[in-house]
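All chains, full assembly: derive it from the sequences and hints.
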Amino acid sequence: MTNIPLIETNALSFERGGREIASNISIVLNKGEAIFVKGKNGSGKTTFLRCLAGFVPISSGSILWWGKETFPFLNKQGPIVAWLGHLNALKSVMSVKDNLNFYADIWRVEHKIVNNAIEQLSFEQYLDFPVSWLSAGEKRRLSIIRLMFCPAKIWLLDEPSSFLDEYNREQLQKIMRNHVYSEGSIICSTHDDINISNSKMLVLG
Amino acid sequence: MTGIINYLANPGRFRRVSQKIYPWSLGSTVLFLLLGLWFALYNSPPDYQQGETVRIMYIHVPAAWMSLFIYSTMVLLSIFSLVWKHPLADLLCKSSAPIGASFTLIALVTGSIWGKPTWGTWWVWDARLTSVFILFLIYMGHIGLVRSIEDHTKSAKAAAILTLIGAINIPIIKFSVDWWNTLHQPASIIRVDGPTIHSSMLVPLILMAISFMSFYFSFVLLNTQTELYKRRLKTIFVKSLIEGKK
Amino acid sequence: MNIFLKLILRDLKSIFSGGSDAGAALFFYLLAIIMFPLSFGSDSVLLTKISGGAIWMAALFSSMLSLDRLFRSDYEDGSLEQLVLSGISLEFVVITKCFSHWLTNGLPLVILSPILSIIIGLNIEYCWILVIALFLGTPSLTLIGAVPAALSCTIGKGGVIITMVVLPLMLPVLILGSGAVISEVSGLGGAGHLYALAAIFPISVVIVPFLASKAIRLGWE
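Protein chains in written order, with our numbering: chain X, 1 to 205; chain F, 1001 to 1246; chain S, 2001 to 2221.
Derived from the structure by calculation, the hints contain no laboratory data. Think of the CB as a built atom: it goes at the ideal place given N, C-alpha and C, for glycine as much as any other residue. Fair warning: there could be bad hints in the mix.
Estimated spans, in silico, between C-beta atoms of each pair [stated by the list, open to error]:
#1 X:200 to F:1150: 34 to 42 Å
#2 F:1052 to S:2189: 38 to 46 Å
#3 S:2192 to F:1117: 30 to 38 Å
#4 X:66 to F:1007: 35 to 43 Å
#5 S:2124 to X:18: 56 to 64 Å
#6 F:1113 to S:2201: 33 to 41 Å
Residues on chain X that point at chain S, a partial pick, calculated with CB under 10 Å [claimed, not checked]:
#7 50
#8 78
#9 90
Okay, here's the thing in C-alpha cells:
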C-alpha cells in the first residue's frame, strides 16, 4: 500500500487580479509534516493557501488530495481541512461562548474537548463577553481555540500569529508542534521562524 | 458547432476571426439598412387605416425583436459561461448589454411616436409596454452594476450571473400579449400558424431585421475586442511597472 | 435538517442581538405606508383604490433596504468560508440565509398587512387576498434580491447600485401582487395573478442558490 500524500500540487499556477503571480509550484504534504510558506508581501502566500482551500480557482496545474482532484470536505469525524485565514469568522454581536458552541455543534465536537482548548489558552474569563469587546489579539486567540477543537487533521493557516504578542506566539508554536507530532499536518504562511522538526519550506516570489 | 465554439475560445484567435468578419458585418448592416429603408419608405404600401405613419413600424418592430433577441442571446451566453465555463461567453454577454439597451430604447421611443397618431396616446401601461420598459430598466441596471466592478474579469462574470436572474422577465414579455389582450396589437408574425401580415410589409421588416442583426453582430464583436484589448493593456501596464521597479 | 435549523437560529440570534437593521426595515414599511395618505390626501375613495398597490410598494422598498445585510456580515468576517469548509454547500447556506431574511422581513410584512391596509382604507373583505399575495410574493422578493445582494459582496460598496439593479427585477412580482388585489377589488378576480405569482417562487428557488453562490465565489476570487 503506497503512502499517498495528503496534498500534492503539480506545476500549480494561479492568478490574482487577473495576472499570474506564481507558477509551477509543486509540493507534497504527508501526515505529520509541516510546510512553511514564505515570501515577500504580495508574492502570493495568501492566494496560494486560498487555492488549496478551494476559494480561488487555479489557472493551471493540479491539486491532488489523497491522489484525487476532489476537495475533501467531510468524513465521519467531521471536517478534514481546517482554515485560519486573515479573517477570524467571529460574529461580533454574539458572545464568545455562542461563537464557539456554534462550531462545536456543527462539527459535533464533545464539550470536553472544547473546554480543554479554552483552558489551554486561558480564555475562561471571556466566555460571556460579546466578541466586539475583545481586542484584535484576543480575537485571533479565539480563532486559534476554534482551530484546536476542530476535528480536522490538515491545517491551512495564513499568518496565524498576526496580532499575537511574544508569549502567545510561543503558545501557538507549541500548539502547532503538538498537532504535527500527533500525526496532523500543517501548511502555514508566516513571517516568523517556527521551530518544528519534520518541516519543509516553500518560498514564493 | 461545439468545434467552432471551442475554436473561438482562444482570445487571440477570436480577435483575428472577428477582425476579418467585422467589415463584412458592418457592410451587411449598411446594405440591408439601405435596402430595408427603400422598401419601407418607398416601395411598400401605406396602411389602409393608419396611412403613412405605419412606416415607423419598420424601425419599431425589428428594434423590439432585437431587444428580446439580444437578451435571450445574453442568457444563452451566460449559461455557456457559468455552466460550461467558456472563457469568452461572459465577455460577449457584457458587450451585448449596451446594444440591447439601445434597441430597447429605440423600440420604446418609436413605439411611443407611432402610438400617438394611431391610438391617441404617447404611453399606456398595458402588459407589453410595461414588460418592455422593465426590460429596459433591467438592461440599465445590468450596465450599471457591471461598470461599477473595476476588475474586468470579475465584471464579465458578474454580468453573466445578473443576466440569468433577469431571465424570468423574457417569457413574461413574449406571452404577455397573449395573456392580457389589451391595447397593443397581438402577435402577428411570430405565431404558430405563421405570419398573418402581407408580404409587401413583411419584406421590409425582414430586411430591417437583418440589418439590425448585423449591427448587433458588428458591435458586439467590436465591444468584445475592445474588452480584450483593455485586458491586455492592463497586463502589459502592470508588467512594465514591475519591470520598471526592478 | 439539523444544520438548517442551526444556521437559521444563528442568523436570528445575530439579527436580534442588534447587529443589523431588521427593525429599521419594518419601521420603514410602516412609514412608507403612512406616507400614502399623507401625500395623496385623505380622500377615502382614492385611498381604497390605491391601498393594495401602496402596501406592495412599501413591501418592495422595505425588502430592498434590508437585502444588503443578507450576506454582507458573514462574507466580510469570513464566516461563509468556515461554513463551506465545514462541509455545508454554499447553495444550502444561500437558502438558509434567504429563509431567515424572509422570517425577519417578509413574514412580518405579511402579518402586519391586514392592520395597515385597514389604516389606509382597503376594505376588510379584500384583506385576505392581499395577505395571500404577500405571502406568495415576499419569498420571491427575498430570493430575487439575493443574487444582487451576493454580487454586492464582490463590489464591496453596495448601496445605491444594488437598489438600481434589484428594483426592476422585483417589478414583475409587484405588478402581479398588486394586480391580484386590484383585480379582486374591481370584480375581475385575482386568482390568475396569484397563480402566476406562485409560479415565480419555485423557479427562483431553483436558480437563485446556484447564481448567488457563483456570485459569492466571484467575490472570493
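Hints violated by the structure (numbers, ascending): none
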